[in-house]
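Use the sequences and the hints to build the structure in full.
Protein chains in written order, with this note's numbering: chain H, 1 to 143; chain R, 1 to 143; chain C, 1 to 143; chain Y, 1 to 143; chain D, 1 to 143; chain U, 1 to 143.
Rather than coming from a laboratory, the hints here were simulated on the basis of the structure. Misleading hints may appear alongside valid ones.
Pairs involving identical chains hold if they fit within one copy or between any two copies, as the list cannot separate such chains.
Unchecked claim - No more than 20 Å apart at the CA atoms, straight line, and that leaves these computed lysine to any residue pairs for SDA-like:
no.	residue 1	residue 2
1	K93	H38
2	K93	E136
3	K93	L49
4	K33	N85
5	K33	R78
6	K33	K93
7	K33	T23
8	K33	G6
9	K33	T73
10	K93	R28
These figures come from a predicted structure and were not determined experimentally.
Number of protein chains: 6
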Amino acid sequence: MNAFFGRRYALSASHRLHCEALTTQQNREAYGKCNNPHGHGHNYIIEVLVGGPVARDTGMVVNLVDLDEAVRTHVLERFDHTNLNLDPLFAVKVPTTENLCREVFRLLEQAMPSGSELEYVRVEETENNFFQYFGEGPREAAR
Amino acid sequence: MNAFFGRRYALSASHRLHCEALTTQQNREAYGKCNNPHGHGHNYIIEVLVGGPVARDTGMVVNLVDLDEAVRTHVLERFDHTNLNLDPLFAVKVPTTENLCREVFRLLEQAMPSGSELEYVRVEETENNFFQYFGEGPREAAR
Amino acid sequence: MNAFFGRRYALSASHRLHCEALTTQQNREAYGKCNNPHGHGHNYIIEVLVGGPVARDTGMVVNLVDLDEAVRTHVLERFDHTNLNLDPLFAVKVPTTENLCREVFRLLEQAMPSGSELEYVRVEETENNFFQYFGEGPREAAR
Amino acid sequence: MNAFFGRRYALSASHRLHCEALTTQQNREAYGKCNNPHGHGHNYIIEVLVGGPVARDTGMVVNLVDLDEAVRTHVLERFDHTNLNLDPLFAVKVPTTENLCREVFRLLEQAMPSGSELEYVRVEETENNFFQYFGEGPREAAR
Amino acid sequence: MNAFFGRRYALSASHRLHCEALTTQQNREAYGKCNNPHGHGHNYIIEVLVGGPVARDTGMVVNLVDLDEAVRTHVLERFDHTNLNLDPLFAVKVPTTENLCREVFRLLEQAMPSGSELEYVRVEETENNFFQYFGEGPREAAR
Amino acid sequence: MNAFFGRRYALSASHRLHCEALTTQQNREAYGKCNNPHGHGHNYIIEVLVGGPVARDTGMVVNLVDLDEAVRTHVLERFDHTNLNLDPLFAVKVPTTENLCREVFRLLEQAMPSGSELEYVRVEETENNFFQYFGEGPREAAR
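Structure, rendered in structure tokens:
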């Protein structure tokens, strides 16, 4: 695939990074301040990259209204203005940017408007940190 | 005063906007999604503007090391990676951007390096929302 | 007034800068490329600064829902995704950033949620150009 | 190829998204507000990524003056401060970000300074929307 | 004055902060890493705010071409891609952001296109540091 | 590899682009203003992308503390607030963004926390220029 449409969404959420399987000391070493009790929060940016042919008539890869609807119902309504630790997806998994990003990918992968394909999800936790996930399937050799 | 040095600091925190004196319905009307139970979070930017004469020898309004130290000990260590609702300052007051900004102003006002004066504190909650506070004292007519 | 809440809104519009009272040559000198026939366009940012007392119960200067509603009905629905030259406000006046900014100020001034006051409107035409307008009334000496 | 030089250019233009082959209703569904009559506009960012070996003497992938000249003559002079719908390239094709991006790619592909190759063109229509195009040729497996 | 046009310019320069009147130890305390021998550099942003009446015909506070020309000849050609310490203005004065900002103000103050007035110059040294200078004259009470 | 963690670091440095093997005229043609004697400077952004499996317990690709330590000791302490031309790495090579980026890649490649791999280093010299380097090794077909 060689043509991609990207769109960025904002969501605000709180979380605490803490892994039950680790000791207090290990948690502190792994997560630093992000392990503070009672949590803290971020303005996350969710960047979604969608690939597919450009439709000959509309000149678009994906209908924006459909894409927004998919992201709104599957991601924003679920995570925006929430405490991520209380979501069932993070009952066991720690809500790191990595895990949040992969869950968002899985939630969206099946919901893509027909004819388009989810290339990656990128989650920016702050201006200086991000995680980018391309899914598990075999990727084509071409880029 | 006509010369100002500004510096921006980042902090991540969670909060929930909920006022005990208001009904459930009033809380929802006042705060919208920010009233969601369990809270959410933000990457806050704290912008501090400091006025004062430019020292003839160093060419500076304020020593950066001193300013950073004042902000670190009075603001960042207190609020960064915390749940704002659990801070004693917000035991009664709701941790809105407005109240956070005014508390940061009060905490910093007395801590300014000598010879300089706190002109304003500006708190950006997201890229699109901010609150700016110039303190309570009488302001000079000259801007 | 010493406490201000600010909020930023985006709108996309096209315009052409051309003044009937000027010659072709004068138009070119005044507006450069912005005088090109058929127009061009911008992603404008409208920054609104609102002053007022912080309400003791809600901890807010202005209810965000009310402010958004005022801006939406008076400004965004009118100008977003339009050709500014076709708006009656710009039948005679040229839709420069200056004139757009002043018209937005006038449209919003009367629509402010009660208890708050419009301090300024700032219109950013590009990342490098903006115009800021504080209204015509006498301003208080205090900043 | 494993080394890329990127450069970003700004251009302001207006457009209207409307496809003659579609009904009024279909146009509205495909383009939403972007189908408004009389058009609207954007500050576009054109990001160009160029690959090639780093020259041993100059330490550069591409001479910046040459690259700027290619982009200026082939893209900026053609599209900056214009109405995209009036360009012959968009006499039939709708000037969506997708189509603009692919046309920019084609215009630049042949104009690359010798020794360098156009990897992609990315067009950002707003801060939240972009389209990225890698060309039609077979891509190497590497990367 | 209540209406202002702002414009931002970029310049890249190097400097070293070192005051001959101070000891090695005092220089280190005042400037930290900025006192490192051999200098370092920044991408400076120069923001210029210009006040004045909006011309009834053109709808502009200041002709952009004239303003750009004033900034180009008086500021950019002098400081862009230079070592600030070698400028005669900084033969004695240390090229801090404060001093650079005040010199830019003085250079531009006399060069303003007629009918407009320089309100402030703001120099951003990094994304997190800036200095803003309003000149020495008495300011009107009305902001 | 299909999962990547990215992190951005800032450093300020000065440099002059000048190649001994070229004539005065050729240097001017290759580097323009960047060839000015006495140098100039930039706020560089170093973006580091690290790939690897997401650890099942911590939910992280790489421990942030370890990554920061690697970048601090190998890159920031070496280049931040320095004159790049004086670094032994640039005794012969010209400190272009391209060469700086490749040297940073080489310095970091061996220093990656175990289990993770350096995917690319991207150096942004200004908001509009960047260079991105993926290393010399054979790349997997995937992605």
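Cross-check of the supplied hints:
Taking identical chains as interchangeable, the C-alpha atoms of K93 and H38 lie at most 20 Å apart whether they share a chain (17 Å) or sit on different chains (19 Å). Within a single copy, K93 and E136 get their C-alpha atoms as close as 18 Å, which meets the 20 Å cut-off; across copies the closest is 36 Å, which misses it. In the homo-oligomer, the alpha carbons of K93 and L49 never lie at most 20 Å apart, since the shortest distance is 25 Å inside one protomer and 23 Å across protomers. In this homomeric assembly, K33 and N85 come within 20 Å of each other (Cα to Cα) both inside a single copy, at 16 Å, and across copies, at 18 Å.
For a Cα distance limit of 20 Å, the shortest separation of K33 from R78 across copies, 12 Å, qualifies, whereas the shortest one inside one copy, 26 Å, does not. Taking CA atoms no more than 20 Å apart as the test, K33 paired with K93 passes inside one copy only; the shortest distance there is 19 Å, against 25 Å between copies. Taking identical chains as interchangeable, the C-alpha atoms of K33 and T23 lie at most 20 Å apart only when both belong to the same chain, with a minimum of 15 Å there against 35 Å between chains. Within a single copy, K33 and G6 get their C-alpha atoms only as close as 32 Å, which misses the 20 Å cut-off; across copies the closest is 19 Å, which meets it.
Taking the shortest Cα distances, K33 and T73 sit within 20 Å of each other only across copies (16 Å), while inside one copy they are farther apart (32 Å). For the homomeric pair K93 and R28, the shortest alpha-carbon distance inside one copy (17 Å) is at most 20 Å, but the shortest distance between copies (31 Å) is not.
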